[in-house]
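Student: The listed protein sequences derive, respectively, from chains A and B.
In terms of this note's numbering, the first sequence opens at residue 2 and continues consecutively.
In terms of this note's numbering, the second sequence opens at residue 30 and continues consecutively.
Keep in mind that the hints were calculated from the coordinates and are not lab data.
Misleading hints may appear alongside valid ones.
Claimed, not checked - No farther apart than 30 Å at their CA atoms in a straight line, the calculated lysine-lysine pairs in the BS3-like style are these:
(1) B:77 with A:25
(2) B:691 with B:641
(3) B:749 with B:691
(4) B:681 with B:691
(5) B:77 with A:81
(6) B:658 with B:724
Unchecked claim - Here are a few chain B residues that face chain A, going by a calculated C-beta distance under 10 Å:
(7) 41
(8) 44
(9) 49
(10) 59
(11) 80
(12) 87
Yeah, the Cβ is synthetic: ideal placement off N, Cα and C, and Gly gets one too.
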Amino acid sequence: MPKRGMPPIHGDMLQGTLDVLILKTLALGPAHGHAIAYAIERQSDDVLTVEHGSLYPALHRLEDREWIASFWGTSENNRKARYYRLTPAGRKQLTEQTSRWDELVRAVNRILKPA
Amino acid sequence: MSIKRFFYRSRWDDERARELEAHLAIETDDNIARGMAPEDARLAAQRKLGNRTLVREQIYQMNTISLLDSAWRDFRYGLRLLRLNPSFAIVAILSLALGVGANTAIFQLLDAVRLRTLPVNDPQQLVEVRIGDATGGRTGSFTSRRPMLTNPLWEQIRDHQQAFSSAFAYSNVGFNLTTGGEARYAQGVWASGEFFSTLGVPALIGRTLTSDDDRRGCAAPPAVIGYGFWRREYAGSPSAIGRSIMLDGHSYDIVGVMPASFFGLEVGRTFDVIVPLCAEPLSRGARSNLDKPDSWFLAAFGRLKPDWTIERATAHLAAISPPMFQTTLPTRYVEEEAKRYLNFKLQAFAAGTGVSQLRRNYESPLWLLLATTGLVLLIACANLANLMLARATAREREVAVRLAIGASRGRIVRQMLAESLLIAAIGAASGAVLAQWLSRFLVGFLNTDNNQIFVALALDWRIFAFTSALAVATCLIFGLMPAMRATGTAPGLAMKSGSRGSTDTRERFGLRRALVVVQVALSLVLVVGALLFVRSLRNLMTLDAGFAQDGIVIANLDLRRTGTPSEQLPPVFEDITTRLASLPGVLSAAQAFIVPVSGSGWNNSIVINGTKPKSAVVNFNSVSAGYFKTMGTPILRGRDFDDRIDTAASAKVAIVTESFVKKYFEGQNPIGQAFQIEEPPGVPRPLYQIVGVAKDTKYTDLREPFGPIGFFPSSQADPKDVAPFLQVVLRSNAPLTTITSQVSAAVTNVNRSIVLQFQTMQSQVRDSLLRERLMATLSGFFGALAGLIATIGLYGVMSYMVARRRNEIGIRMALGADRRDVVRMVMREAGVLLGAGLIVGGVMAVLAARTASTLLFGLHPGDPATLAMSAIALAAVAMLASYLPALRAARLEPTEALRDE
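If we strip away everything but chain B, and leave its shape as in the complex, we get:
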C-alpha cells in the first residue's frame, strides 16, 4: 500500500463507486437482453453483486492505515465535542495552560541554573580547584563573588600542577565606565592568560585573550567584550574592534567580541568585559591583591588531561599542596590559624555546570516551587477528571448502546481519550507559550539594581520533553479514568439504571468524592505552605532590626580618580560629610564603613584583660559621630562619639551593642571597661575603651540573630588603613530624587572626579529579602489558585450530587422533611468530604513543610496557628461554595422533582 493511496483514499472510493455502478448497469442490460422486465433486471443485478457498501469498505480498508485513520476520526470527533461545549473547553484548557505554564516556567529556570552544562568545549572535563575544607584558617579580605584562592596560591597551582592540560583563574569586578559624577558600572572579569584556551570558546569577531596578554605589569592591556555589551554600547558594530574603552579610568583596546551564548562560568550572571588578570593593579593601585597572601578573590579552573579523573586530580593536588601552602603562608597568620592553613589540601570539583551563587540561593526554592506547581497541576487534573466523569455519566446510555451493537471497549476508550488528549495538547501548548512570559517575569523579579542576574532561557530538548511529558501525564490522569469507568459498566445495567432509580450507588459516586478529598487535601498543603512563606516574610519585614529603614539614603563615593593621598583622605571625608549634613532636607548625615544588611562585613577576635574569651569573633564597624542618630539606633548607656573629644590623638574609644555586653560582661555596666583586637605578635594592640552601649542591630543579614558588634569612631581611624572610598548615610524627609541631585551637586563641587552611587536603605532591605519575597509571592499565588480550583471542584460535585438526587430529595420533602433538613443533609455531605480532605491535607502539610524549614523565619514548619488559619480559610470558602447547591436542593418543589423522572 503506497502512502499516496492513503491520502487519495476518498477519491479511490468514488472511483470504485462508479465502477460498481457501471457493473450494475452492464448486468442490468444483460438481464434485459435475457428478457427480464427492467425493474426486475436491476434488482437481480443488485442481488448478484451483493452489498456494494461492504465491497467499498473492503477496498477502503486496503487503502488505509486503519489506526491512523481512526485516530484522525477520533481527533475530529474530539474537536467537535469541544466546539459543542466551549465553556468546558475554555475552563479545561485554561486551567491546564496555567498549570503547565507555571511548571514549565519553573522547570526552565531550574534547567538553566541547575541542569544545563556550560556553553564551552567539553564541559565535563572542566573542574574547579579549591581548598577542600576551608573552615577556619582563612582570614583576610574576601572580594569577588567566588573568593576561593589568593593570587600567590594560584601562581603556585599554575606552576606546579600536572593534572590539567591547561588551567586558569578569574575574578569578577565592577568596572566604572565614567570618569566623574554618578557611576556607571560594567560587569568585568579579570582572567588569567589561559582562560579562553582552557574553555575552548572562540571569539565571535576579533580574537580572545592569550597568555601573551597576561604578563605581570602589563600597562596597556587588551579587552574582550561580551555580546550584550557590544550590542548595547556599540550597536553591534564590527568597528568596535580596535576602539578603546575606559575602565576605572584606564584605557583598554578592544580586541574581540564573544558570542551571545557565552556568559562566562557563573550561571545566573553575564559579563560585559574581560581583561587580563595582570590589569588588576590598574584598578586597585597600591591596594593590588596580586601579591597579598591573605586576599582571597580568585577562583581557579582546569581542564583534566585526557586520561585523568577527578579523583586522580584530587590525589595529585593533595600531594603537591603542603609545599604550596608553606610558601604562601601569610606572615600575619600565627598559631592555630597558621596550623590550619598549612593543613589545607587542594581538591578538584566537577565544574561542568559552572558555578553559581544563584544556584546556591535558589536551587531548593526552585525545586520547592516546582513541587508546588506540580501540585497545582494535579489539583487542576483532578478537577478535569471530575468534569469528565460527570460527562461520561451523562453519556452512559450512548456508550451502552454502542457497546451493545458491537463497538469494542478499546475503541470507545480511545475515542474518549482523543478528546482528553486534545485538551491536554492545546493546554500544554498554550502553557509552553505562557511559560516564556512567566520565566522572564521570574528572572525580572530576581533582578535588582545591585544584583544584575542573567539567565539564558533558551528552549532545549529537556524543556520540550518536560512539557510533552506533562501533557501526556495530565491527559492520562484526567482522561483515562473516566473513559475506563464509562465503558466499564455492563450495557444492560447502564441502560436500566439510567432510566429509573433515585440514587446513584455509593460505589459509582465514590470516585468523584475521593477526587474532591484529594483536591482539598492538596490545596490545604499549598495554602499552608503559602501562609508559612507569607508569614515568614512578614516576620522579617516587621522585625525590629535596630535601625530605621525609612528616609535613609546611602551615598557611595569613589575618590580613586582624585588621586588624594590616603593620609589626606580623613579630612576630605569629614568635609564632604559636613557639607552633606547641611544640605536642605537632610536631617543628619554620617560616615559608615559598613552599612547594615548590605552583605559586607568586617570581623576579628577580641581580647579582654589579656585573655581571649570563648567565641571571641566580633563584627566591627567604623562610623562617624551622628551615625546612631541618623540610623535611629538609640544609645542606651554612655555617650555617642564626638569629633571634638575622639580625635586621632586622644585615647581610642568604642561603642558596643547590648549583645556585646551580655556576652562578654555578663550584662554588667561596661562603660570604662576596655578590649583589644587580636593581632599577631609584634603588632601593637591598642586598647579600646567602651564609652557607650547601643541597641542591638542586625549586621549582614536580617535573618541572623543579633550578635556582638563593636563600633569605632572614624575620626580615630589609622590614616594608613583608609581606602579612597567613602560611604555616607543620610536621613532626610525630602524626595529621593531631590536628595540625590543635591548630593551629586555638592560632591561635584568638592571634586569633579569623584564617582557617586546611591541606594536607599529600604531597597537594600527589600533586595536582601528577595528570596523570601519570591517564595511568598509565588506560593501565595499558587496557594490561592489551588484553593480556588478545589472549591470549584467541591461545588461541582455537590451540584452534581443534588441534581442526581432530585428524586430522593423530592420524596424526603414529600414525606415531611423541611428545607432546613435538606440544606443540612447536603452540607453534612460536603462537610464530610471537606473534613476528610482537611485531615489528610493537614498531615501532608506538616510533613511537606519540613522540607521548607530552612526557608522559613520566626516560624516552626508545623506552626499550629498557620495550620488552623489555612484550614479555616479553606473550609469557609468551600462551605460557602457548597451552600449554593444546598440552597438549590432546598428550593426544589417536591411535586416537580417527582414528576420529572
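Bound conformation, chain A alone:
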C-alpha cells in the first residue's frame, strides 16, 4: 500500500532510472520480469510503480548491452519463466550509475534546498 499522502509516481520514470533500478534489483540475485517489477515497487514502498509494458523493452536493452544475461527457469509457483542475472559488466555499470545518480540528486538538491 502506498504511504498516506504520497501518491505513486506513474508514467515515464526519469530517463535511464528504470535501467539502474533493474540492475540494483538483480544485484540481489536472479529474478524474472514479474518479480523484478514487484521488487522495485516493494523496495520503493510502492512509491514507484513499474509500467509492465516498458519493463520488457528495458530488459531487452540491458541484455543487448550485455549488462544482464537471461535463462529459463521455474518460478516459485512452478511456472516456466525467463530469469535474468547480473553480469560482471552489469555490476560495474551499477556502481557507476549509482554514483552518477548520487551526483544528480546532490545537484538537484543544491538547487531545490539551498543551504
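Starting from the known structure of chain A, fit chain B onto it as the hints suggest.
Tutor: Chain B in isolation, oriented as in the chain A frame:
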C-alpha cells in the same frame, strides 16, 4: 545491436512472446491468490501488462535495421505482385531485357574497340611516331594495314631519337602455311627487336623476341606464336616450343607462346605468329622493302621516358626530322613531291588504346547504334511507365486508404518502387546475359573470310557499371513517376472520384497521352533512320558498278615457291590463263592486276601532249584480252586488247573509261590520241595510244563516284615489273565448288608449288558493304522493334481510355450517337496523339539524320520520301492498333455501360 540479432530477430520475438505469456500467468496466479475469480484475474493481468503486441514490436524494432527490414518486405511484396500478374511481368522483363541487352552488347563492342587500353605495361606511356601531316608527297607502294613509315625512315628514328626509353616498328603480313595447293594463311607480324621489351609483355611459356633476334640478314630467325594459334595448331601443348614452323616456305623455330590477353597493337585484330623484322626478305625475296625509301609498310611506337610528355616528344621529333628526311629522300621524288617530303615532320601521338582500322570504320556507327538502342530502351520504358500508371490508377483507392490510416507517402512510393526495381534488375540481368550472345553475333557479322577480326569481349567494370546504371535509370523512369503520381492525390479526392464520375480529368490523363506522343516521336526517328540505312544499302546493291557481279570467280595464284625468274613469268601467266579459260563451265577468263572493289589500287599522274592536266591522277589496271568480256564491261568505242596485235614489241596501247574521256578530252573521240605516265627526269616515258573506250566502272570502292581509269594490256607489261603473283577473273555458270576444284587441278598440273586462293566477286562486293549491311540490318531491326512497342503503347492507352469512358460513351449513345460517331471519336483521339508524335518525331528525325549523313549513300539525310514513307507506315500500323479499342467502344450496349458503374 549485433548483426546476429538481426538474423535471429524472429526467434527472439517468439522468446519474448513466451516470456510475456509467463508474466501473465504469474500475475494471474498472484491475482487468484489475492482472491479474484480466475477469469477476472487473467483480465486484470492483461490490463496491467498493457498491449503485448506493442511491447513485442518495440523489442523487434530494437533488433532490426528498419530500412533493411522494410526493403526486404518491399522486395517480397514486389515479387508477390509480379507473380500475381505474370503476363505484365513477362512483357516488362522481356522488353527491358531486349533493350538493356542491345545497349550492353553495343557498349561492350565500343568498350573493346574504343575505351579500353592495350593489355600491355603502362599503356598510357605508349606513343605512335608518324608523319604529322602526310598529305601529298608520299607515293610508292603501300602495304600492311598501317603503312606509316618506310624502313629507312624507321632506322633513322631508331638511331636518332632521344624521347623514348625504347621504340619499335612492326608490320602485319599474311604468312602462307602451306607449300602448294590451296593457301592457308597465318596472320603474321614482322616486329623489330625492341617490340616486346617496349610493350613489357612477357611470354606465357618460352621467351619473347629480343634485339639479338633482329639482325639484318638473319637466316634462321625464331618465331613467337599467339595463344589462339597455339591452341588451334598445337592443341596447347608446351612441346610446341622448339618445334619449327613453315612460313612462306621458310622454317622458323618457335621459341615462345604469348598469353591469351595479348592481341598485339591493333584493336579488332589478333596475330598468329610474330617474327623479327629482319625476316622480311625471306618472304619477299628480291622485292624486300627493307631498303626501299618509298615502300611504306611500317608503324612505329615508342615508350616515353619517365619525365617526357607527348608535346615534348613531338617537339624533339620535329627538331630531328629534317636531316632524317634528307637522308632517306627517294631518288624518284622530284620537284613538288620532294619538297613536300623534305618538309615532313614526325610527331608523337598517344597510342595507349592501340591503333585500329576497325575503330576508324566502326566507331561512329557504334555510337550511332548505341544511341539507337538507347532510344529503343527509352521507348520501352515509356511503355512500362504507361502500364505502371494504369496499375497505379487501379490501386488509387487502396493507396488512398493506406494514406488515410497513416502510411507515409515515402513509404508507399518506396513500396511501389520496389516492384519497378525488381523488374529493372531482372530485366537488366537477363539483358546482360543476352548481350553476351548479341555482341558475339555482331562480331561474327563483321567477320569475313578476308577480314578476320578479333575483339576481346571481356567483361570489365565499365560494362557492369553501364548495365547497372541502365537498370537504375530505367527503373526511375518507369517506376518513380507513376509512384509519385499515385500517392500525389489527396486521399479524400481519390476515394470520391473513384466511385463516381464519368470521365477522367484531362490533367490526370494528360501524362499518359504525353508518354504516347513521346513514344511515337522517338519511334519515328528510329524508323526514319532504319529506312535511310536500308535505302542506302539498296542504292549501293543495285547501282550499276560497270561490271557484273554474278558468276565471277577470282583466283589468286602465288608463284613464289616455283622459283620462276620474273622475265619468264608472262608466258607462264598466259599459259595458265588459257588453260583456265578452256575448262568446262568457264565462259571466259582473263588476267587482272587489280580486281574492282578489292581495296587495292595503283595510280599515277598522266601527261597529255607534254603537259600535265589539272588533277592528273588516274587509276590504272593491267589486264589481258578478254577482261572486259569476262567482267561484262562493254567497250563503247574502238577495240578490246588483242594478244596477237598488242605484243611486247608493238606500240604501247591503252583503253580508257568514259570519265577519262570526259575529263581529259572534253568528250571528243580519243581513239588515236595518246598519253604518258609522269616519270622522274631521266626515266623514259612511253607513249600510250588510246585504242578503245570502256564503260565507267567502280575502282576501289562502290561508294566513290566514277573516276578516270586507264587499262594497259598485260601482254605489254615490262617483265622487270612482273611479280610472281597472278590474279585471274573467271566467268562461269557452273557451281562454285566445281570451278574451284577444276581450277585447282589445272593449276597443280602446271606446277605443284603454286599456292591458290579463291574469292567470288559477289562476296567481294558484299564484304565491301559490310558497314552498310550492319547498319541496315541492326537499325532495321531496332526501328521495327521501336514501332512495335510504340504501337502497343498507343493501343494500351486507347483501350484504357475507352474503358475509363464507358459511362460517357454510354450516355452519348443513349442520346443518339451512332456507332460510327463513337469510332470516329476514338479515332480522332488517337489521331491527335499520333499526329503530335509524328510532327515532333519528324523534326527530331531530320536533326538526328544529319549525324548519320556520312554513312548514307545516294540519299539526303532529310530525304522527304523516306520521311513520308516512315510516317505513313507508322501511322498505318498505329491507326490499326487504335481501331480495335474504337470498335470495342462502338459495340458497347448503352444500357449495360450505364448500369455498370
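Student: Output the indices of the hints that this structure fails to meet, ascending.
Tutor: Number 3 - this is the single hint that the structure violates.
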